[in-house]
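Asks: Chains as they are written, first to last, in our numbering: chain F, 1 to 258; chain L, 1 to 308.
No lab work stands behind these hints, which were simulated from the structure alone.
Glycine residues also receive a C-beta, built at the ideal position from the N, C-alpha and C atoms.
Hints should not be assumed to be uniformly reliable.
What the hints assert, rightly or not - Below, in silico cross-link-like pairs of lysine-lysine (BS3-like), each with a Cα-Cα straight-line distance of 25 Å or less:
| id | chain 1 | residue 1 | chain 2 | residue 2 |
| --- | --- | --- | --- | --- |
| 1 | L | K272 | L | K251 |
| 2 | L | K131 | F | K24 |
| 3 | F | K24 | L | K144 |
| 4 | L | K215 | L | K299 |
Claimed, not checked - Some but not every residue of chain F turned toward chain L, in silico, with C-beta under 7 Å:
| id | residue |
| --- | --- |
| 5 | G32 |
| 6 | I34 |
| 7 | A43 |
Said to hold, decoys possible - From the derived model, a few chain L residues whose C-beta atoms are all more than 12 Å from chain F:
| id | residue |
| --- | --- |
| 8 | P58 |
| 9 | S75 |
| 10 | K81 |
| 11 | N90 |
| 12 | S138 |
| 13 | Y267 |
| 14 | L284 |
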Amino acid sequence: MKTQQTAWLRWYPVWSRNMRVWRKLIGPALLGNIGEPLLYLLALGYGLGSFLGQKIEGLEYVVFLASGLVCSSAMNTASFEGMYSAYTRMAVQDTWIGMLTAPLTLRDIIYAEVIWCGTKSVISVAAILLVATAMGLVADARAILVLPLGWLVGACFGSMALVMTSIAKTYDFFLYYFTLLVTPMLLLSGVFFPIDGMPELVQTIAKILPLYHAIALMRPLMIGQLPTDVLLHLTVLGLYILVALPIAIRLISRRLLR
Amino acid sequence: MDTTNPVVNIRSLCKSYDGQRVVDNFDLQVQRGECFGLLGPNGAGKTTILRMMLGMTPPESGELNILEQPVSQGSYQVRQKIGVVPQMDNLDPDFSVVENLRTYASYFNLSGEIVRNRIQELLEFARLTNKADEQIDSLSGGMKRRLTLARALVNAPELLILDEPTTGLDPQARQLIWQRLRELKHSGHTLIMTTHYMEEAQRLCDRLAIMDHGKVIVQGTPQELIDAHVEPHVIEVVGNDVERWQAQFNKQDSTRFESLGESLFIYAQDEKPVIEDLCKFSHLDFIHRRANLEDVFLKMTGRDLREE
Numbered sequence: 001m002k003t004q005q006t007a008w009l010r011w012y013p014v015w016s017r018n019m020r021v022w023r024k025l026i027g028p029a030l031l032g033n034i035g036e037p038l039l040y041l042l043a044l045g046y047g048l049g050s051f052l053g054q055k056i057e058g059l060e061y062v063v064f065l066a067s068g069l070v071c072s073s074a075m076n077t078a079s080f081e082g083m084y085s086a087y088t089r090m091a092v093q094d095t096w097i098g099m100l101t102a103p104l105t106l107r108d109i110i111y112a113e114v115i116w117c118g119t120k121s122v123i124s125v126a127a128i129l130l131v132a133t134a135m136g137l138v139a140d141a142r143a144i145l146v147l148p149l150g151w152l153v154g155a156c157f158g159s160m161a162l163v164m165t166s167i168a169k170t171y172d173f174f175l176y177y178f179t180l181l182v183t184p185m186l187l188l189s190g191v192f193f194p195i196d197g198m199p200e201l202v203q204t205i206a207k208i209l210p211l212y213h214a215i216a217l218m219r220p221l222m223i224g225q226l227p228t229d230v231l232l233h234l235t236v237l238g239l240y241i242l243v244a245l246p247i248a249i250r251l252i253s254r255r256l257l258r
Numbered sequence: 001m002d003t004t005n006p007v008v009n010i011r012s013l014c015k016s017y018d019g020q021r022v023v024d025n026f027d028l029q030v031q032r033g034e035c036f037g038l039l040g041p042n043g044a045g046k047t048t049i050l051r052m053m054l055g056m057t058p059p060e061s062g063e064l065n066i067l068e069q070p071v072s073q074g075s076y077q078v079r080q081k082i083g084v085v086p087q088m089d090n091l092d093p094d095f096s097v098v099e100n101l102r103t104y105a106s107y108f109n110l111s112g113e114i115v116r117n118r119i120q121e122l123l124e125f126a127r128l129t130n131k132a133d134e135q136i137d138s139l140s141g142g143m144k145r146r147l148t149l150a151r152a153l154v155n156a157p158e159l160l161i162l163d164e165p166t167t168g169l170d171p172q173a174r175q176l177i178w179q180r181l182r183e184l185k186h187s188g189h190t191l192i193m194t195t196h197y198m199e200e201a202q203r204l205c206d207r208l209a210i211m212d213h214g215k216v217i218v219q220g221t222p223q224e225l226i227d228a229h230v231e232p233h234v235i236e237v238v239g240n241d242v243e244r245w246q247a248q249f250n251k252q253d254s255t256r257f258e259s260l261g262e263s264l265f266i267y268a269q270d271e272k273p274v275i276e277d278l279c280k281f282s283h284l285d286f287i288h289r290r291a292n293l294e295d296v297f298l299k300m301t302g303r304d305l306r307e308e
């Protein structure tokens, strides 16, 4: 009866638990994952796009939008999961405390949550990819590469979200993060329009934040091109994880294991 | 393994929060197969001690050995052989009864046929077999507690740590938990529990310690504590004329009075003179009983209400 999980795989049962909970609600979850981008593409892509009367960076607006939505949805999904859902598991249901009375460490749990945030982003990216492909908005098969990138983007935003979770006292606290960071990133990183026309300062700030780099990597793959400065963009996303994750572990550990 | 080595061996354990000592030079040795009770008012440091035993709270100083392994912060291995019933149920509300057990087993890297059989046994043990596929929300408090106990056994632990296992349960639910804990003790498990119920401690615990302000005040078997710290007979008197009776009663030196609200507790070596005299006051209600653990507890920790 007594076996010990290989150390580097100890995140797996925690990830698997989250996956099984997600599967229980797979219907509404997938409906949201598919329905929402579909609405955006129809309403904004075709609706608003028809008024533009010009191409954006040589693309139909709906194509431009589809290639941005894969990124913003990876961000949104991981941010929600890393805040509202993770907070529920940490502070409301005491799920993590329950896990900590088993032979798991807080590090195992937080790694699992980040890997899970990435997984959920991949699911939402896959849903949009499916919708966009069905609508003929994806250039070619190289777009499949947005899936692994979606994981990285999800892990990045998940790590950042967990830092917020670690200091949250209520769900309302997350509104600060959404209002001050997620929404500005969504609007100013190039999801809906290119940021070249924005004031210099806004562009500079956007380029420091991770969503810009996610778009720089994923959009070209959606429209039949190849991203440039790949290493730079990957490094920025990776750096956000490398900085946020230890902070989250430290703060949550201080909160739960004092 | 040397069976004379204690399952739990704690020496001079200390812990402070914000400069305030919550566990102060705590010592504890528990032998295999023993049931040990930690009693004390809220804030006495009981839960903190249990958390330190599990490696979930870093001790400030002292020695902490569980199952012959030193415990330190992050030493998760020791938990492989421990079962925990936490003070607050933290069952997974998204899962059914059996899924809760299966999921918890997965945290111990346990799966497959052996676990499936074990889970069936545990469902029977917890009398939840016909609830196996129910959602957690539909369970009563007693069922949730039994499920938490079953969950704590999923890894076949040698040591069980129970933090107020029956708090908030009705008498029937409590009786069933007690019966199960007794069975576990008889099958060789070592149990460490905290409780606010003196009756529970008296029935289940081989030995116990009463704590207050992070310190152990007294330690021993329930009977030893009763014999050593309180008079054998207790007479509780109720009525608005108690004071008048008290004033006229010519008490022996060994008899002790304790007032609590409208009640008077009389602790006596010899109960007869007290009862005889009380009978003269026909409007006073009284009961005579043997001293129990609650009397020891109240004597050692005071009757003041703890607001914490």
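Asks: With reference to the structure, classify each hint as holding or not holding.
Replies: Taking the hints in turn, this is what the structure says about them:
At roughly 12 Å between alpha-carbon atoms, K272/L and K251/L fall within 25 Å of each other, so this suggested pair holds. At most 25 Å may separate the alpha-carbon atoms for a hinted pair to count; K131/L and K24/F meet this at roughly 19 Å. As the CA atoms of K24/F and K144/L are separated by approximately 21 Å, the hinted pair is consistent with the 25 Å bound. With a C-alpha separation of about 16 Å, the suggested pair K215/L and K299/L falls inside the 25 Å cut-off, and the hint holds.
The interface hint given for G32/F is broken, as the beta carbon of that residue sits about 17 Å from the closest beta carbon of chain L, more than 7 Å. Because the smallest distance between the Cβ of I34/F and any Cβ of chain L comes to about 22 Å, over 7 Å, the interface hint for this residue is violated. Below 7 Å, beta-carbon pairs count as interface contacts, and A43/F has none with chain L, the closest being about 33 Å; its hint is therefore violated. With a minimum CB-CB distance of about 7 Å to chain F, P58/L fails to clear the 12 Å threshold, and the non-interface call is violated.
Some Cβ of chain F comes within 12 Å of the Cβ of S75/L; the nearest lies about 9 Å off, and the non-interface call is violated. Residue placement check: K81/L does not keep its beta carbon more than 12 Å from all beta carbons of chain F (closest about 7 Å). In this structure N90/L is not separated from chain F by more than 12 Å, as the shortest Cβ-Cβ distance comes to only about 4 Å. For S138/L, the shortest C-beta to C-beta distance to chain F comes to about 15 Å, beyond the 12 Å cut-off, and the non-interface label holds.
Non-interface status of Y267/L relative to chain F is upheld: no Cβ of that chain comes within 12 Å, the nearest being about 41 Å off. At roughly 49 Å, the least C-beta separation between L284/L and chain F is larger than 12 Å, which holds for a residue marked as non-interface.
Checked against the numbered hints given earlier, this structure breaks hints 5, 6, 7, 8, 9, 10, 11; the rest are met.
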